[in-house]
Amino acid sequence: MTAQNVIEMRKVTKIFGEFVANDQIDLQVRKGEIHALLGENGAGKSTLMNMLSGLLEPTSGEILVNGETKKIDSPSKASKLGIGMVHQHFMLVDAFTVTENIILGNETVHGGKLDIKKAEKEILELSQKYGLEVKPDALVRDINVGQQQRVEILKTLYRGANILIFDEPTAVLTPAEILELLDIMRNLVKEGKSIILITHKLEEIRAVADRVTVIRRGKSIETVEVEGRSSKELAEMMVGHSVSFVTEKKAANPGKVVLDIKDLVVHESRGAQAVKSLSLQVHAGEIVGIAGIDGNGQSELVRAITGLQHVESGQVNVKGQNVANYRPRQITEMSVAHIPEDRHRDGLILAMSVAENISLQTYYKAPLSHHGFLNYKAINRHARELMIEFDVRGASELVPASALSGGNQQKAVIAREIDRNPDLLIVSQPTRGLDVGAIEYIHKRLIQARDEGKAVLVVSYELDEILNVSDRIAVIHDGQIQGIVRPKDTTKQELGVLMVGGKG
Amino acid sequence: MKNLSIRKGMVPIIAVVAGFLLGAIIMLIFGYNPIWGYEDLLSQAFGNSKSIGEIFRSMGPLILTGLSFAVAMRAGMINIGMSGQALAGWISSVWFALSFPDMPRVFMIPLVIIIGAAWGAIMAAIPGILKAFWGTSEVIVTIMMNYIILLISTYLVHYGFNQKLMASKDSTIQVGANATFRNSFLTSITNNSRLNIGIFIAIIAIIIVAIIFKRTTLGFEIRAVGLNPNASESSGISSKRTIIISMLMAGGLAGLGGVVEGLGTFQNFFVQYSSLSIGFDGMAVALLGENSPIGILLAAFLFSILKVGAPGMNVTGIPAEIVNVVIASIIFFVGIKFVIEKILPQLPKKVAKKEGEN
Chain V
6 MTAQNVIEMR KVTKIFGEFV ANDQIDLQVR KGEIHALLGE NGAGKSTLMN MLSGLLEPTS
66 GEILVNGETK KIDSPSKASK LGIGMVHQHF MLVDAFTVTE NIILGNETVH GGKLDIKKAE
126 KEILELSQKY GLEVKPDALV RDINVGQQQR VEILKTLYRG ANILIFDEPT AVLTPAEILE
186 LLDIMRNLVK EGKSIILITH KLEEIRAVAD RVTVIRRGKS IETVEVEGRS SKELAEMMVG
246 HSVSFVTEKK AANPGKVVLD IKDLVVHESR GAQAVKSLSL QVHAGEIVGI AGIDGNGQSE
306 LVRAITGLQH VESGQVNVKG QNVANYRPRQ ITEMSVAHIP EDRHRDGLIL AMSVAENISL
366 QTYYKAPLSH HGFLNYKAIN RHARELMIEF DVRGASELVP ASALSGGNQQ KAVIAREIDR
426 NPDLLIVSQP TRGLDVGAIE YIHKRLIQAR DEGKAVLVVS YELDEILNVS DRIAVIHDGQ
486 IQGIVRPKDT TKQELGVLMV GGKG
Chain Z
9 MKNLSIRKGM VPIIAVVAGF LLGAIIMLIF GYNPIWGYED LLSQAFGNSK SIGEIFRSMG
69 PLILTGLSFA VAMRAGMINI GMSGQALAGW ISSVWFALSF PDMPRVFMIP LVIIIGAAWG
129 AIMAAIPGIL KAFWGTSEVI VTIMMNYIIL LISTYLVHYG FNQKLMASKD STIQVGANAT
189 FRNSFLTSIT NNSRLNIGIF IAIIAIIIVA IIFKRTTLGF EIRAVGLNPN ASESSGISSK
249 RTIIISMLMA GGLAGLGGVV EGLGTFQNFF VQYSSLSIGF DGMAVALLGE NSPIGILLAA
309 FLFSILKVGA PGMNVTGIPA EIVNVVIASI IFFVGIKFVI EKILPQLPKK VAKKEGEN
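For the record, the sequence lines run as chains V and Z. Taking this note's numbering, I'd label the letters of the first sequence as residues 6 to 509. Taking this note's numbering, I'd label the letters of the second sequence as residues 9 to 366.
To be clear, the hints were calculated from the coordinates, so they are not data collected in a lab. Take these hints with a grain of salt, some might be off.
Unchecked claim - Short derived list, chain V residues pointing at chain Z, Cβ under 10 Å:
no., residue
1, L313
2, H315
3, M357
4, Y368
5, G377
In this text, a Cβ means the ideal position worked out from N, Cα and C, and glycines have one as well.
Construct the entire structure; sequences and hints are all you get.
Structure (structure tokens):
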């Protein structure tokens, strides 16, 4: 009976201090199935998988691997048991080749010398068997994200993994790469591997998974067959109440031009042109979405508009004034708000309090400070008000920002930026890694800002997001606008063609 | 939260206790009685009013260099150049005091403070500017600047100073009554110790630094840049400007430490053959005090007790070097404080929260 379960977790509980991250979770993964784990941010999926991969030990409960109770107390133990994890953030050495990365920590040595040739052969065999095309001698920094992920998968296979855990594997991929990955996963299962897929993308679950276990607030709610379930059904199981995917919005009522980019040229850090003579306009009261594959100049474009990166030539006109190469604060003071792509790197100072983070753009002005002296009473009160208004749920405004969940962190950034009542809102990847509930809320807020007559520029790698919020979609490819379309008149296929440089 | 801060405060205390224990073990190994040793140390340090005066005298420069290190650290800069910055403050203030022997004390004291702090600040601004604009490692530059300033000071004493200011080839004459930091009241209540107004200057500096970091936009910016320069830039805080300002402040404080050493402790300038020890001791003080103003005050007090009490151990024949071993042990245990944090019961909740995400 249990023999067909390659993994069985029984009443697994993990408690951190007083916080119960996992509460008596049951999970059974059958041999040869793709088993999805579905849950909101902070539901406890990662904690559960960290226990399976040996990074954490359960407070109570037991884990059975192939029907036998095992104590998985280290990642190497997990590896010995045939459990491999493909991490969301790749654990690769940029300056090493694909082969070197795969064998790292597991090298075949002959008389103190690495046997690279043998390893390369083995890797080629593996990659052919599972349809994971890679160039073994390429440097990791020279290959794209999709290929890097294949290297991660090969790494686990090379170590003999039979049970593969994929942690949000499609978060960084393009639509085409996602399709390829789903194929790879099907191949793996066909060859007898079992897969646990952590995701909050419902379409992917419907596309590949056999069964899904829903986790909500640290508890396993239910395990169901995926077949015949709609995305809406799955989403409701995940959040525990009904949701709507398409944010309702009125027709846009564009006003005058707020952002007018003319022939903008920006270099990336190594000096190559990243934005190549790009022109684009954003009007008051409209949302322009920039669709494109990661690495086609989006980051540089946003950083140049907000003053964080040097503009080589061209103009960035905000309300008629060219702000190219102004200091970031001069640009913010012209009523431009910026929600950065990476909230941990650029959006928040995690060790500072939520209140201080919310004041990061306005701390130097009255009423938050007077003559260079901060008024913490005002700072904290201001933060409390915004946290209520923007539904930032955390213990209090005094806890460090790191204590908030991803969705609440992003809401705090959005609260800070929208509260300044900007005329122009530059938004980059606003919902990366967030769950359905938070995404819905953030989209509503962006549309609300538009309805208040603000110009909004949204950069996102998620086509659904672009299609959902934009009034116009500008597709960026290789640092240039490849085409501008309206969401009503386009399809994902057409956008996909434009994104890879084709003609729409 | 409260729990966490209490535990954080425990770490230096445990480090100090562990340092004393290790020192005791070493004394035992070498055949000395550690209880007598520590007794002698304490009775030497607190036995008479003169040595108590010396403790407070020694605290002044240590607090100032400790603050210097802490201020730079808050901006994410590691300032190893406090020796050089202090030396610049020392030599410039003594030169100024000697050059204007007739200036009234009311003008002289503020001016030597300003000049010494300014020269310290200039010396620290160089690595700050190099870091801000070209990303040069401030660690390397400040270390090299220590040597540069040390050798320049020797050159100035030998070739730059007017012969009238010199008492011998290697040392200047004493500064006049208009510029000395000592005063007859402090000297008399401490039985002719070298106690001077330096300790009060240092305490004022502690208060100002605490206010800057707790209450001002400047302190907010320095903390923000130190914790996350990217997010600071994104929200319009110039990390270049902030790094340079923090280094100016750090250099000013270290320079002031040199002024106190020059006009308070020694009353003159003489050729130095190695980097000033207050620069390096300041680092240890800041480390033990966990870069907090109050922590630095307490750490400077402890270090001064050890320094002043050390010769007392000679009475029972214990070499004063043992005291240096105790100091080194304390720094060692502070340095490995993450081990102490691990050993302390219950893992900090911060870690748990992080792992609980997702």
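Hints, verified against the model:
Residue-level restraint check for L313 (chain V) holds (minimum Cβ-Cβ distance to chain Z is 6 Å; threshold 10 Å). Hint status for H315 (chain V) relative to chain Z: violated, with the closest Cβ pair at about 13 Å, above 10 Å. For M357 (chain V), the suggested interface contact is upheld, since its CB lies about 6 Å from the closest CB of chain Z, less than 10 Å. Checking Y368 (chain V) against chain Z: minimum C-beta separation of about 6 Å stays under 10 Å; hint holds.
Because the smallest distance between the Cβ of G377 (chain V) and any Cβ of chain Z comes to about 5 Å, under 10 Å, the interface hint for this residue holds.
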